[in-house]
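Number of protein chains: 4
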Amino acid sequence: MIKVGIVGGTGYTGVELLRLLVQHPQVQVQTVTSRAQAGTPITLMFPNLRGHLDLAFTDPASENFAHCDVVFFATPNGTAMQSARKLLEAGVKVIDLAADFRLKDTEVWEQWYGMTHACPELLDEAVYGLPEWNRAKIAKARLVANPGCYPTAVQLGFLPLLETKLIDPQHLIADAKSGVSGAGRKASVPTLMGEAGESFKAYNVSGHRHWPEICQSLNTYTEKPVGLTFVPHLVPMIRGIEATLYATLLRDATEDIQALFMQRYQDEPFVDVLPPKSHPETRNVRGVNMCQLAVHRPQDGNVVVILSVIDNLVKGAAGQAIQNMNIMCGLPETTGLTGVALLP
Amino acid sequence: MIKVGIVGGTGYTGVELLRLLVQHPQVQVQTVTSRAQAGTPITLMFPNLRGHLDLAFTDPASENFAHCDVVFFATPNGTAMQSARKLLEAGVKVIDLAADFRLKDTEVWEQWYGMTHACPELLDEAVYGLPEWNRAKIAKARLVANPGCYPTAVQLGFLPLLETKLIDPQHLIADAKSGVSGAGRKASVPTLMGEAGESFKAYNVSGHRHWPEICQSLNTYTEKPVGLTFVPHLVPMIRGIEATLYATLLRDATEDIQALFMQRYQDEPFVDVLPPKSHPETRNVRGVNMCQLAVHRPQDGNVVVILSVIDNLVKGAAGQAIQNMNIMCGLPETTGLTGVALLP
Amino acid sequence: MIKVGIVGGTGYTGVELLRLLVQHPQVQVQTVTSRAQAGTPITLMFPNLRGHLDLAFTDPASENFAHCDVVFFATPNGTAMQSARKLLEAGVKVIDLAADFRLKDTEVWEQWYGMTHACPELLDEAVYGLPEWNRAKIAKARLVANPGCYPTAVQLGFLPLLETKLIDPQHLIADAKSGVSGAGRKASVPTLMGEAGESFKAYNVSGHRHWPEICQSLNTYTEKPVGLTFVPHLVPMIRGIEATLYATLLRDATEDIQALFMQRYQDEPFVDVLPPKSHPETRNVRGVNMCQLAVHRPQDGNVVVILSVIDNLVKGAAGQAIQNMNIMCGLPETTGLTGVALLP
Amino acid sequence: MIKVGIVGGTGYTGVELLRLLVQHPQVQVQTVTSRAQAGTPITLMFPNLRGHLDLAFTDPASENFAHCDVVFFATPNGTAMQSARKLLEAGVKVIDLAADFRLKDTEVWEQWYGMTHACPELLDEAVYGLPEWNRAKIAKARLVANPGCYPTAVQLGFLPLLETKLIDPQHLIADAKSGVSGAGRKASVPTLMGEAGESFKAYNVSGHRHWPEICQSLNTYTEKPVGLTFVPHLVPMIRGIEATLYATLLRDATEDIQALFMQRYQDEPFVDVLPPKSHPETRNVRGVNMCQLAVHRPQDGNVVVILSVIDNLVKGAAGQAIQNMNIMCGLPETTGLTGVALLP
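Residue numbers (this note's numbering), protein chains in the order written: chain A, 3 to 346; chain B, 3 to 346; chain C, 3 to 346; chain D, 3 to 346.
These aren't lab readings, by the way, just hints derived from the structure by calculation. Accuracy of the hints is not assured; some may be wrong.
BS3-like cross-link-like pairs, simulated, lysine-lysine; straight-line CA separation at most 30 Å [claimed, not checked]:
#	chain 1	residue 1	chain 2	residue 2
1	A	K188	B	K279
2	C	K188	A	K188
3	A	K279	D	K188
4	D	K188	B	K188
5	B	K88	B	K106
6	A	K5	A	K142
7	D	K167	D	K139
Sequences and hints are given; from them, build the entire structure.
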């Protein structure tokens with residue numbers, strides 16, 4: 003059994019980690035911390051866990067996690083970097099679901115996240131936890147930076163096209179849409195139901211923190227930096243991300259893009275390439291660790307359109323974190339992640 | 003392994019049965035019929051099942067189900083009664099998720115359902131499948147009438163109070179609210195999102211088919227017929243039923259109603275009595291076979307208010323049907339029903 | 003032209019007041035205050051008002067409102083009572099959309115609102131602004147306490163039955179449901195879309211501040227205090243209240259309750275009694291100052307069920323406040339309130 | 003007073019026309035037809051119109067509309083073309099809210115709409131009713147083809163950029179999102195709330211009927227045919243369209259695109275260019291005849307991103323139709339269209 007600790011268990015990624023971990027056959031949840039809720043039974047805050055978890059939140063200040071094999075940080079940005087080094091030194095594997103270790107360039111990180119990085123020396127060691135691209139490194143990692151939700155959906159869609167140099171990397175467009183749980187469970191006016199319900203909008207068009215993260219990854223597939231326009235949108239629903247990706251084909255249309263995708267992902271348990279002409283819906287993957295992709299070429303022109311859907315809290319956060327844990331701990335990658343999506 | 007057939011697998015109770023059954027460790031789904039969709043791969047209609055079920059819908063006309071141990075009817079009212087006898091004679095256990103066998107009185111049934119009953123002689127044999135009340139009979143049954151969704155939520159709330167004669171059975175009020183999946187997956191104007199979204203209404207105040215079903219059960223707990231006012235409402239959400247139940251206490255307030263409920267349901271795996279002052283939310287039980295109850299006495303008066311929530315498609319339909327199957331087949335009652343609700 | 007000031011214009015009742023007032027032919031909005039947003043153009047916060055209102059929020063500390071004929075308080079509870087006396091002395095009419103002047107009994111008010119009342123001497127003078135019951139007093143009032151949203155829906159439904167002593171006042175039940183805008187536009191976890199979306203729950207069953215307000219009014223129609231059980235619920239939608247009211251008939255069923263309601267409200271411009279067997283939906287009144295009522299007697303028994311719907315922000319708040327202003331200022335009562343509900 | 007008839011008044015564009023027309027000071031609604039609902043009072047189907055409209059639906063077979071000045075067709079595609087000629091001959095102005103007269107090329111129309119056109123000779127005469135581009139022709143028209151909802155949002159966003167040849171017309175991308183009311187009020191499974199709620203998807207990526215309509219218009223602004231990729235999406239909300247438009251700038255970045263848009267639309271009453279860095283939300287224009295636009299250049303690169311929002315039922319259908327009627331009848335263009343959007 004893997005002994006697991008969670009730092010910051012009161013948000014949506016926290017409760018989603020708990021939902022998945024209490025059903026994981028090889029995991030024992032030891033500790034869940036929350037500064038604000040120390041002492042509160044977890045099921046009082048999350049009654050869906052009643053009968054599955056008999057713990058109270060504990061104060062992070064009084065936890066050393068030395069008894070844990072793996073610690074997940076489901077905290078705001080800037081928290082994991084404060085204690086990651088100490089945990090690693092104690093032999094604990096660390097998976098950060100926030101952004102502290104996602105970017106390799108300290109300067110870029112500090113510019114986008116508006117704070118000084120507490121342990122820039124760990125950025126090199128940290129492994130970007132997208133298993134479909136980085137599996138071998140994840141298996142040997144002590145510290146994994148779990149990808150952002152948008153970056154997961156966008157990268158899995160562009161990956162096969164960029165790896166094969168089929169598209170012009172200078173003109174990539176990612177029009178991405180997310181449910182409100184992506185904004186977290188903190189009190190705020192813009193994600194009140196009265197504000198976000200029954201309405202749709204783009205946001206952060208001038209610049210979103212996931213843009214440098216996506217670019218950093220896409221750049222590794224190409225010789226020169228990609229040109230990516232990324233526009234996120236807020237959808238009046240709770241879970242789910244859909245990314246509609248546009249790229250211009252460089253070569254003739256004789257190549258079968260559908261086949262390319264099916265081949266690239268044929269051994270991936272958590273990427274599912276749908277039949278031609280499909281339109282994946284976010285509900286297809288609600289609650290499960292899966293990315294569904296569909297490939298289109300409207301009017302057989304030179305623009306390829308990739309549709310990519312994930313559950314932002316699962317393949318975009320907690321599920322992918324557990325997938326990474328499985329890989330880091332030598333378990334079969336799908337352990338505890340074989341549920342069926344809730345539809346409708 | 004229990005070999006299972008499903009008649010009518012294209013509706014919401016059908017896909018929910020499939021979602022739960024493909025994860026059930028003792029079940030093999032053999033056959034799923036659909037007149038309209040015969041030949042269509044099931045995953046084409048329900049992409050959440052991709053990777054979990056490799057069957058196509060078959061034509062009910064060409065299926066005899068003799069190879070099945072259990073057949074579920076997830077069909078409109080009036081379908082199961084056409085073939086139940088034949089299946090029973092072939093030694094197949096039958097669980098009807100529709101209403102064909104819920105009422106004992108043929109006349110009442112025909113009045114409320116507007117058709118002639120095809121096999122009234124089976125009404126006596128059929129067992130009403132509310133395990134918390136009828137477990138022993140279910141265990142021996144060949145034919146189970148799976149309760150309606152509203153009746154499940156309402157009965158579990160009134161049961162302890164009526165059994166102990168604590169309340170006046172002449173003045174019961176059940177104000178019940180359901181998500182739109184309760185109306186099924188057939189094309190209809192009133193359940194279009196443009197009609198049912200962002201609005202709330204009562205419906206069928208003059209009479210709903212679940213009223214005689216609830217009354218029939220409640221009557222068995224009392225000496226004379228209950229007086230029940232039942233008002234259903236449509237909530238702009240997909241899954242979930244909440245019933246707010248009102249009754250007048252007959253005896254003095256010295257008795258602890260909270261303790262009564264906890265005692266009554268202490269051994270029930272699928273009824274969860276929340277702590278005093280709780281307000282169960284339907285999302286607490288989204289996707290799981292659970293009824294959460296809370297007990298209130300506003301201003302310590304003589305009115306008791308019971309709050310009852312279920313997922314209408316699970317404890318109100320497919321999950322309870324599988325619970326019944328487990329009991330009928332001698333499996334541990336919770337087999338395949340131990341998932342955690344999806345929150346948020 | 004009536005010169006209007008609004009104190010606290012950044013919440014939902016504030017923006018709704020503005021939406022209605024900028025279309026009111028006899029009103030000129032002079033001043034809208036907000037401590038937090040002083041200096042911000044109102045349309046920056048509420049872009050629906052672009053082209054209709056060219057004002058910025060001003061600091062309440064630097065406003066004396068002496069140039070206004072009417073001042074609306076769209077503030078949290080406890081604000082209006084701080085400055086009402088001064089405004090009245092300056093000859094300004096005051097309409098408080100919060101609860102400061104709704105209860106006549108200072109002690110009861112202080113118990114339910116958890117603060118000391120700043121001007122109990124005004125409670126007597128303040129007129130409860132339900133025009134269908136109190137029109138004559140409103141016409142002469144300087145200070146109007148605009149009713150709460152639930153109380154408006156509940157009182158209009160019970161009023162004809164209590165006035166005629168048709169029902170037992172000791173056993174009234176009001177099962178009420180509200181969209182999330184009723185909780186206001188302040189940052190809070192429970193009304194995040196991730197919390198309140200796709201779920202339904204009762205809340206404050208033990209006691210809601212609208213309970214004493216409703217009781218106070220209902221008591222005036224009866225000889226002894228009514229016995230009311232009031233349970234509010236949160237609906238995953240933005241606007242709308244539906245109240246399902248239950249009462250026991252005292253006299254024989256020969257009286258026509260439908261006719262009673264139609265007669266009682268025949269001259270009321272903002273109460274609409276629907277035909278028999280109707281089920282009003284909240285969307286029928288979305289955005290308009292209207293209460294739709296329907297009358298039912300299930301199974302022709304002795305329980306009468308009244309369905310009452312309003313838009314909580316209009317007839318339940320801003321619209322009713324303007325209706326009161328019209329009455330107080332001698333305008334035709336419907337001035338500026340004749341819009342058509344937005345359906346769908 | 004303009005005497006108005008409506009053919010097909012039971013859908014969402016029908017009821018929206020009625021909502022706006024009963025408030026229009028220069029219009030009298032004479033006749034509303036519906037084959038299926040002939041004889042039914044309109045307010046029985048649309049209770050939001052109670053007190054505003056005292057008509058019943060009439061049978062279209064028995065109506066000649068000769069007493070009308072203007073007839074709106076709020077019918078499925080293929081209906082208006084059956085009777086347009088006869089109405090025009092009778093001197094009645096015709097505004098078709100469906101697609102019968104939107105395309106100039108009969109062959110293209112027949113290919114996309116899958117039927118033979120009943121009066122191809124009228125296609126030349128019909129005027130495409132986008133006032134911001136075509137006002138002069140509309141003023142003289144007898145027959146107006148009211149634009150589709152997506153085309154309205156997309157064209158108003160691209161128009162200033164194409165007119166000034168600022169962008170490469172060969173690489174236009176329109177990623178558009180619509181609420182479910184765009185699919186109409188007919189019974190269908192995909193727009194059930196159980197299907198479309200709490201989920202998001204692209205649809206018709208291979209080809210949507212609005213693509214040739216948009217292309218036809220955009221082509222008139224450029225010398226050679228544009229290259230447009232258009233991907234529509236379904237949003238779990240009722241009203242609203244948001245289009246995110248991407249184009250590549252041809253000239254240097256010194257030109258001020260914001261100023262270009264403000265100048266182009268400065269005299270347009272129904273196009274509102276928001277301040278720089280704005281993110282229009284669909285709710286800003288809920289219920290009103292307005293297009294809000296915002297201009298972005300992420301990272302000051304050569305990609306321009308235009309955000310365009312409308313209410314699909316108003317500026318995308320009924321409101322624009324009335325705007326066209328006002329122009330055709332010589333009324334001030336804003337008559338009856340000056341409401342304020344319902345927010346929240």
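So if I understand the rule, the pair passes when the alpha-carbon distance is 30 Å or less; does K5 of chain A with K142 of chain A pass? 18 Å, holds
CA of K88 of chain B to CA of K106 of chain B, is that 30 Å or under? This hinted pair holds, its Cα atoms lying about 20 Å apart.
Given the hint that K188 of chain D pairs with K188 of chain B, test it: the Cα-Cα distance must not exceed 30 Å. The given pair, whose Cα atoms are some 12 Å apart, holds under the 30 Å limit.
Check the hint pairing K279 of chain A with K188 of chain D against an upper bound of 30 Å on the C-alpha distance. 25 Å, holds
Given pair status - K139 of chain D, K167 of chain D, alpha carbons within 30 Å: 24 Å, holds
Do the alpha carbons of K188 of chain A and K279 of chain B lie within 30 Å of each other, as the hint requires? At roughly 24 Å apart (the allowed maximum being 30 Å), K279 of chain B and K188 of chain A satisfy the hint.
Would the pair K188 of chain C and K188 of chain A pass a check requiring their Cα atoms to be no farther apart than 30 Å? 12 Å, holds
Comparing the model with each earlier hint shows no violations; every hint is respected.
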